[in-house]
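Participant: Take a look at the letters that make up each chain.
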Amino acid sequence: NAGVTQTPKFQVLKTGQSMTLQCAQDMNHNSMYWYRQDPGMGLRLIYYSASEGTTDKGEVPNGYNVSRLNKREFSLRLESAAPSQTSVYFCASTAGGTYNSPLHFGNGTRLTVT
Amino acid sequence: AQKITQTQPGMFVQEKEAVTLDCTYDTSDQSYGLFWYKQPSSGEMIFLIYQGSYDEQNATEGRYSLNFQKARKSANLVISASQLGDSAMYFCAMFLPSGTYKYIFGTGTRLKVLA
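Chains A and B, in that order, give the protein sequences. Numbered by our numbering, the letters in the first sequence go through residues 1 to 114 in order. Numbered by our numbering, the letters in the second sequence go through residues 1001 to 1115 in order.
Isolated chain A (complex conformation) (with noise of 0.2 Å):
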């Protein structure tokens, strides 16, 4: 079972440069989110789609767009990177609409921005 699969795993950007992190998840899942996580702070919400063809931001938007581009696929942009934006990114699903619905993650992708 694949469950939810990110790319790439690592990534090194220069300042300014873009970059798209992919997402795609293989468990029928109506919802996806993108957090972000840095020492200290847990994981913060970026974006997330609650079903196909919506999407809304969450507590750290700035910086970043998504496109939900099937039920399965997610994506994360990064249009112009910045050294802030130095962080671990798990992309997560779930079946979404109830309390009783674990998110389930990706590995993560870890960024640099130099």
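Treat the hints as calculated values from the structure; they're not laboratory data. C-beta atoms are modelled at their ideal positions from N, C-alpha and C, and glycine is treated no differently. Please note that the accuracy of each hint is not assured.
[Stated by the list, open to error] Calculated cross-link-like contacts (lysine to any residue; reagent style SDA-like; alpha-carbon spacing at most 20 Å): (1) Lys1102(B) with Tyr1025(B); (2) Lys1073(B) with Thr1027(B); (3) Lys57(A) with Lys1003(B); (4) Lys1102(B) with Asn65(A); (5) Lys57(A) with Gln1002(B); (6) Lys1102(B) with Asn28(A); (7) Lys57(A) with Pro1097(B); (8) Lys1102(B) with Asp38(A); (9) Lys1102(B) with Ser75(A); (10) Lys1112(B) with Thr1020(B); (11) Lys57(A) with Leu1096(B); (12) Lys1003(B) with Gly42(A); (13) Lys1003(B) with Lys1102(B); (14) Lys1102(B) with Asn30(A); (15) Lys9(A) with Lys1102(B); (16) Lys1073(B) with Tyr99(A); (17) Lys1102(B) with Ala50(A).
[Stated by the list, open to error] Only part of the chain A face toward chain B is listed, based on derived beta-carbon distances under 7 Å: (18) Leu45; (19) Asn100; (20) Pro102; (21) Leu103; (22) Phe105.
Starting from the structure of chain A, add chain B where the hints point.
Facilitator: Using the frame of chain A, we list chain B on its own:
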């Protein structure tokens, strides 16, 4: 404000002993879910256990149990018979079905199991 608080940045426990990781939450919603996740040094996030706000019994999953005290708004994770492989970061999270389907995470507790 809707918030999860984990007040223990780090904990130590002797192998084979039990340990409690604290989690308090703040919400005025009546319906919510509480989750615990484990993040080993390899970095992945592993779902451990879930408790619903209407569940009357505390959740248990193997060596993990959730001590749910609704009036005190606490959802502590109890790990029994600790193993070296339990050394990891542990996150408490809350899901609120009203509104925008967001999960809120605490800042985590790093547990070190000593041999």
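Participant: For every hint, state whether the structure bears it out.
Facilitator: Against the structure, the hints:
Distance hint between Lys1102(B) and Tyr1025(B) is fulfilled; the C-alpha atoms sit about 14 Å from each other, no more than 20 Å. As the CA atoms of Lys1073(B) and Thr1027(B) are separated by approximately 9 Å, the hinted pair is consistent with the 20 Å bound. Of the pairs offered as hints, the one joining Lys57(A) and Lys1003(B) holds, with about 18 Å between alpha carbons and a cut-off of 20 Å not exceeded. For the hint pairing Lys1102(B) with Asn65(A), the CA-to-CA distance comes to about 18 Å; that is within 20 Å, so the pair holds.
Our distance criterion of 20 Å between C-alpha atoms is met by Lys57(A) and Gln1002(B), whose separation comes to about 17 Å. With a CA separation close to 19 Å, the supplied pair Lys1102(B) and Asn28(A) stays within the 20 Å bound. Note on Lys57(A) and Pro1097(B): the hinted pairing holds, with a Cα-Cα distance of about 17 Å set against a maximum of 20 Å. In summary, the hint linking Lys1102(B) to Asp38(A) is supported, as the alpha carbons are separated by about 19 Å, within the 20 Å threshold.
Between Lys1102(B) and Ser75(A) the alpha-carbon distance is near 18 Å, which keeps this suggested pair within the 20 Å criterion. Taken as a hint, the Lys1112(B) and Thr1020(B) pair is honoured in the structure, with Cα atoms around 13 Å apart against an allowance of 20 Å. Annotation: proposed proximity of Lys57(A) to Leu1096(B) holds, straight-line Cα distance about 16 Å (limit 20 Å). Distance restraint check for Lys1003(B) and Gly42(A): the Cα-Cα separation of roughly 12 Å lies within the 20 Å cut-off, and the hinted pair is therefore satisfied.
Of the pairs offered as hints, the one joining Lys1003(B) and Lys1102(B) holds, with about 12 Å between alpha carbons and a cut-off of 20 Å not exceeded. For the hint linking Lys1102(B) to Asn30(A), the alpha-carbon distance of about 13 Å falls within 20 Å, and the restraint holds. Between the alpha carbons of Lys9(A) and Lys1102(B) the distance comes to roughly 25 Å, so the proposed pair goes past 20 Å and is violated. Pair hint Lys1073(B) plus Tyr99(A) holds up; C-alpha atoms about 17 Å apart against a cutoff of 20 Å.
For the hint linking Lys1102(B) to Ala50(A), the alpha-carbon distance of about 9 Å falls within 20 Å, and the restraint holds. Interface restraint check for Leu45(A): the shortest CB-CB distance to chain B comes to about 6 Å, inside 7 Å, so the restraint holds. Hint status for Asn100(A) relative to chain B: holds, with the closest Cβ pair at about 5 Å, below 7 Å. A hinted interface residue such as Pro102(A) counts as satisfied when its beta carbon comes closer than 7 Å to some beta carbon of chain B; here the least separation is about 4 Å, so the hint holds.
A hinted interface residue such as Leu103(A) counts as satisfied when its beta carbon comes closer than 7 Å to some beta carbon of chain B; here the least separation is about 6 Å, so the hint holds. The restraint placing Phe105(A) at the interface with chain B holds, with a minimum CB-CB distance near 4 Å, inside the 7 Å limit.
Hint violations for this structure: number 15 only, all remaining hints satisfied.
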